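Trainee: Construct the complete structure from the given sequences, taking the supplied hints into account.
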Amino acid sequence: MDAMQYEAPGSVDEAVALLAAADGAAWVLAGGTDLLVQLRADLIEPGLVVDIKGISELRAITPENGGFRIGAAVTGAELGEHEGVKAVWPGVVEAMELIGSVQIQGRATLGGNLCNASPAADSVPALIAAEALCSVVGPKGRREVAVAEVATGPGETSLGPGEIVVDILLPERPARAADAYLRFIPRTEMDIAVVGVAVSLVLDERGVCAQARVALGAVAPRALLVPEAAAALIGGTVDDDALERLAAAARAACRPIDDMRGTVAYRTKVAGVLARRAAGIALARARSE
Amino acid sequence: MAKYHVSTSINDEAVEFLCEPQQTLLDVLRDELQLFGSKEGCSSGDCGACSVMLDGRLVCACLVLGVEAEGRAVETIEGMAKGDQLHPLQQSFLEEAALQCGVCTPGILIAAKALLERNPNPTETEVRYWLAGNLCRCTGYDKIVRSVLAVAEEMRGG
Amino acid sequence: MATEVKELKWIGKRPIRPDGVDKVTGRAKFGADLTLPGMLVGKVLRSPHAHARIKSIDTTKARALAGVKAVVTSADLPELASEWVPAGELQINFRDLSSNILARQKVFYDGHAVAAVAATSAALAKQALALIEVDYEVLPHVIDVVAAMQPEAPLLHDDLFTEGVTPTPETPSNIAKRVEFARGDLEAGFAQADAVVERDYTTKPVHQGYIEPHAVVASTSEDGQSEVWCSTQGQFSVRFYIAKLLSMEISQIRVTPSEIGGGFGGKTTVYLEPLAVLLSRQTGRPVKMVMTRAEVFRATGPTSGAALSVKIGATKDGTVTAAEATLRYQAGAFPGSPVQPGAMCAFAPYAFETFKVVGYDVVVNRPKVAAYRAPGSPIAAFGVESALDELAKRLEIDPLALREKNAAREGTHAAYGPRYGPIGFVETLQAVREHPHYQAPLGPNQGRGIASGFWFNIGGESCAMLNVAEDGTVVVVSGNPDIGGSRASLAMMAAEVLGIDFERVRIIVGDTSTIGYTFLTGGSRVTFATGMAVVQAAEDVVRQLRERAAKVWEISADAVIWEDGQAHPAGANAGEFEPLSLRDIAAEAGKTGGPICGNASLNAQGAGPGFGTHICDVEVDKETGRVTILRYTAVQDAGRAVHPSYVEGQLQGGAAQGIGWALNEEYVYDEDGRLQNPGFLDYRVPVASDLPMIEAVIVEVPNPNHPYGVRGVGEVPIVPPMAAVANAIENAIGVRMCDLPMSPPRLLAAIDNGG
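Respectively, the protein sequence lines represent chains A, B and C.
Once you know that position 238 of the first sequence is 238 in the working numbering, the rest is easy, because the numbers rise by one and skip nothing.
Count along the second sequence from 1, then add 1000; that gives the number in the working numbering.
Count along the third sequence from 1, then add 2000; that gives the number in the working numbering.
By construction, these hints were calculated from the structure, which means they are not laboratory data.
Hints may be right or wrong, so weigh each one.
Stated by the list, open to error - Here are the simulated SDA-like cross-link-like pairs (lysine to any residue), alpha carbons at most 25 Å apart as the crow flies:
#1 A:Lys53 - B:His1005
#2 C:Lys2356 - C:Gly2417
#3 C:Lys2106 - C:Asp2135
#4 A:Lys53 - A:Met4
#5 B:Lys1082 - C:Ile2016
#6 A:Lys53 - B:Tyr1004
#7 C:Lys2029 - B:Gly1083
#8 C:Lys2029 - B:Gln1085
#9 C:Lys2204 - C:Ser2309
Small disclaimer: the values here were computed from a predicted structure and weren't measured.
Mentor: Structure representation (structure tokens):
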């Protein structure tokens, strides 16, 4: 067993150089709430761990064109304390804040939740519904990619060798817009999502749903954007009928597995229930804007 | 295996230690610094028995690498009492019998202290959700939650 | 022994526990908190298979690794004959225990220990494990209890022939034992009934879930003397088991119990301790072994999962005319499930005239079960208390009234044999009836359930020692690890007898060489049995104090009485003397006969049976199957609550564990028999936000066999919750759940199937 090395670079370029040089045996350490568990359980044996928390731009939340650029190493606790993001993207913030305990919140990061690529990651459906973009920096420079394109399957990402996610951009919101995230877990805390549903919508002046995005977590190998579910909401006042159609579309999109956290039938049914409930919350938020 | 030299602060004292990079802060506290008050119940962040403060944030020491303590401030259960003066939470836990076996107690005290520093007037529900990351198998949490609520009131001068 | 009538100074008060400050400051030393110079780290290689023959184990490469000091396998353990000994409320067979701590010809479950190493670091020990080559022949396995009972099931032990049936079967099976308790004519009883409920129920194995993993440090010197430090419920049991398993003399071993971070029965046996001694013996160095959480789940004992059938009939007025139960309990890899106590407890709360309980102890490819809080009783009670609830509904009788109608009382011939002395079951039912909770209004999708529970409680062997210091303070030495505040209650009883301030009594838990044999902390016995020993040792001190005062006063000891912590002349005839306090007498002890030291050793009989009744309110989310516990009240007869806070704590903690058992806790195995959820993430014990306040109501019907009326209290509280929750769910939404856990997917499926 080779000794593990630890580096805490001060810049993105330095981090990228370290990772690129390590030839695949390197892991990025942000909050460490997934990485250290895997390390401890001997699931991974990194030659190098690159701690990105010392890179100041990865720790910042910066307003940008009415939206927010959130550093990949911003923790759940820090995001939850940011009144600005919370006001504009309450669903994204509540999704991130649902991850683990207060102790986990003190460490877990938005970038880490994304790059760990768990199908059940709570923040990812919310970010997808928000149409968030992330900046990826690698040996070949910087590129922007939709959050939905980062995870490709359980534990798998589209990131190339040496590439890291440096920030996530939440776009500007018009008036009467809101989002919401709900997940189902067996207990009230500390579990991995059995199903997660994010709904983002925009109402026009008459209260008609002008835009909507619906994303599901834990019902497929990666979080799913479900345009058919969004279509059930768009063009109407989000009445009970629309909510039922939304639920049906959400159910129809599910491609879950049976595992110890839930069955196919359970996940599918509850996806519909949560879609309806999350849309209700988003709607109430949008109406009170 | 090359060891890393780390300079940090533990309970307001400057501390230096050597550690291997894969050692967690919990390993370092217990095995290198002989601070056994933080307990290892799971090593996966699920039980909270190793809760400590890191730069003012509540964290599980099992999910922090020892090397990450460089230049930062760590607070553990060993620093909770000041001299021979117990923290009001420690005193209340004794008076209200908010512990049975006591192995989760250090972590719960650290977590409860962090709560009251942020929110001096928590509801029962807020206390319960704040402490959800600290498993206790003995008490059913009843006396713990009552104790935290009582101390909050006492510290507010109620 | 008469219960004290005069006002008590300490019993019933709530002083701060003597070990409290150490536990709120992090100073208390638990199992993993000891470090010795030159200490090695020991680790265990575990089977990845549920059932396999070990064809060979090659440790050559592991031994060759620099820093590896010893590697042991079952070849290093003496072969033992089959021999059963009591272990807490269960029994242990040494041959099986030996095979459990290191597998012999076969591995019987995922996580079964195969070899152990000692190395200079944890990392090297882990590397060494990876270098041990085990050649397995994988065998078909069986996980489910009903499947394991079938004739075609994979056979775990080819020498296992069912006990308790005549004639003994000629072919081996996985059914280790059959037990039966019966009285009356069952057929006639059911014929008299106006309504009969008959149901099958299943429960999943659940783990005790103590937060502190098993941990031990052993140090063996060249002459074979071993010092062992470990987290255990019984240092004397550990000493005995090590002696047996390693063929040592008991006096060669000194076991010091660390503070114990929870046990609930699970720390009444050994896993690592003999291995640490063996490794230490081979290396001549101290060896520390600490389990990971995954090892705790994979390789230490949960309680049984079970399949049961219950049938109960009653007349219109609610009188039960016949009751029948068949209990099938998983024992894990080796015989010894708690099916016998389960069968004895099943109908224990009731004065049924006619009943039959049959129990089967069944081996399966899972870790060997260990004791867990009232072993066996909660499983049986889930079935019986659920069936009673359904019967009450069928008869349109209040479920509480049905229990009142059939409740066991003083003089009832208990279903498991004896006649009850004074017991407090009816009093718990009455307390429920009078409690505001029982009548509180409920909203939509909300329901209320009640259920009762029973546990024998035990007595047994205990020693206690009281040493009076020169300044009149007192040190008590007990032989029971303090798992939940027992030092407080023991010290209170000493202070009560001596008539001195509680603060002037210190108490320590002695190691096996400083105090006489004391049976383990379990069976809800410590405050009862060791409490009685402490009372007798304190009375021994009082006798000596009276003698010393008599000597000073030059009168007969009979003419001296002890009152309020002072010696007084018994009356005017005895003479006029200023009272002598404990402090006065202690200061002069050297001149009046030497140090004052009281001792007691006893085998306590007459533990008072314990009964409890719980009220549970739930709300059901019918769209997701989530159950929220809204309100919970646990009522129990404690005999006499010495320190009510810690009695309440037992009620609250037991109820919380029961709620976890009811709603979410279960072992999940894949089709290869590998445990899928060996961690607190997916083995879901209740977290703080899952529970409401749990109101504890203490009823006191004194146990006449204890000087202060104490009954054990620790175990009863885990018995009622599963049925209480199931009954509440049924009351809320009309869906009867017969399979545990009543997790959201299972409940939603039941709702969708129309219950």
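Trainee: Next, verify each hint and record whether it holds.
Mentor: Now for the hints, and whether the structure bears them out:
| no. | hint | verdict |
| --- | --- | --- |
| 1 | A:Lys53 - B:His1005 | holds (19 Å) |
| 2 | C:Lys2356 - C:Gly2417 | holds (13 Å) |
| 3 | C:Lys2106 - C:Asp2135 | holds (11 Å) |
| 4 | A:Lys53 - A:Met4 | holds (18 Å) |
| 5 | B:Lys1082 - C:Ile2016 | holds (20 Å) |
| 6 | A:Lys53 - B:Tyr1004 | holds (18 Å) |
| 7 | C:Lys2029 - B:Gly1083 | holds (20 Å) |
| 8 | C:Lys2029 - B:Gln1085 | holds (21 Å) |
| 9 | C:Lys2204 - C:Ser2309 | holds (15 Å) |
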